[in-house]
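The residues making up each chain are set out below.
There are 2 protein chains.
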Amino acid sequence: MNLRRSGCPINLTLETFGDRWSLIILRDIMFGGTRRSFRSLLTESMEGIASNILADRLKRLTANGLLSRSGDPGHKQKAIYALTSKAIDLVPLMVAMGSWGLRHTPASMELSIRAQVLEDGGSQLWDAFMDELQYLHLGALQPSDSVFAKMQSAYESALVEKAGSRVWLPAL
Amino acid sequence: MNLRRSGCPINLTLETFGDRWSLIILRDIMFGGTRRSFRSLLTESMEGIASNILADRLKRLTANGLLSRSGDPGHKQKAIYALTSKAIDLVPLMVAMGSWGLRHTPASMELSIRAQVLEDGGSQLWDAFMDELQYLHLGALQPSDSVFAKMQSAYESALVEKAGSRVWLPAL
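Chains as they are written, first to last, in the working numbering: chain A, 1 to 172; chain B, 173 to 344.
So here's chain A without its partners, still in its complex pose:
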């Protein structure tokens, strides 16, 4: 075990998360539309996160100032997690991961729609998305336009398109 580490901002960013599960949890809270309970993060996880990993990473993310925790301290499953400003500032990093994944991984069409909307919108849309997250997670003023609504509508169109193409394609 080597404990040497540099003050490089890329290295320190990676050290803040520790592993991919931390970023997956932040993704789920960021794109889930609202503050999330432990229970909803567990049962609605698209990646099938295990309960002990979720509990450990939520604790680490809270300690690192990326999440804030509220709710009854006696009931772990009822705790509610919200993004902090520090976590909301990760929007451009999430967009960059989504854009790279669109090009270089076998991402599914319906799960790629939101990444495509964010890429197409550029930094102006990312700023608007961050404003909306400040509203949903930190009680800032509600912005007039919703980036979530825009992403959701594009996502639903993609689902309808996919279902439609199933109906019309010949059975395999």
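A hint or two may mislead.
Computed from the model, here is a short list of chain B residues facing chain A with C-beta under 7 Å [claimed, not checked]:
| hint | residue |
| --- | --- |
| 1 | 185 |
| 2 | 199 |
| 3 | 218 |
| 4 | 261 |
| 5 | 265 |
| 6 | 269 |
| 7 | 270 |
| 8 | 272 |
| 9 | 276 |
| 10 | 279 |
For the record, the hints were derived by calculation from the structure and aren't laboratory data.
Every residue, glycine too, gets a C-beta built ideally from N, C-alpha and C.
Keeping the supplied structure of chain A fixed, place chain B upon it in accordance with the hints.
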């Protein structure tokens, strides 16, 4: 061990790397200025990467199409690693990590300079950086301007400034 996984482009991007060491190695090759030998990656690592971890991650990154390997197959330490186009496309993600680290981690001043230059330059400078990496790693035409030279000069100015401030500050 849960093997469920989604087709989300963010998830698949994270799965491609596996862990932070893979991104640290890509950072070292990307910002090291040229193709790199196993030996130089090991001995010049700012993070003190262990030899077995380096060997494992280089193998994984090569298998995932992020690095290409050349050199004598019988001499592990003499293998030379170059970025592929797929890895060069990670520049915006590295920039996003650097920018977040500048704001939210105790990054050292002299190691933050390059991240700052890239952030200030915006997507036009990132494109120029990717063109230069295509030249250095893939044999594309040499661009007229060097982003490396720009980053290096800013880095050296910061070092001189730091050394200067040491001379003039009273001893602790």
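Hints, one by one, checked against the model:
no.	hint	verdict
1	185	holds (4 Å)
2	199	holds (5 Å)
3	218	holds (4 Å)
4	261	holds (6 Å)
5	265	holds (4 Å)
6	269	holds (4 Å)
7	270	holds (5 Å)
8	272	holds (5 Å)
9	276	holds (5 Å)
10	279	holds (4 Å)
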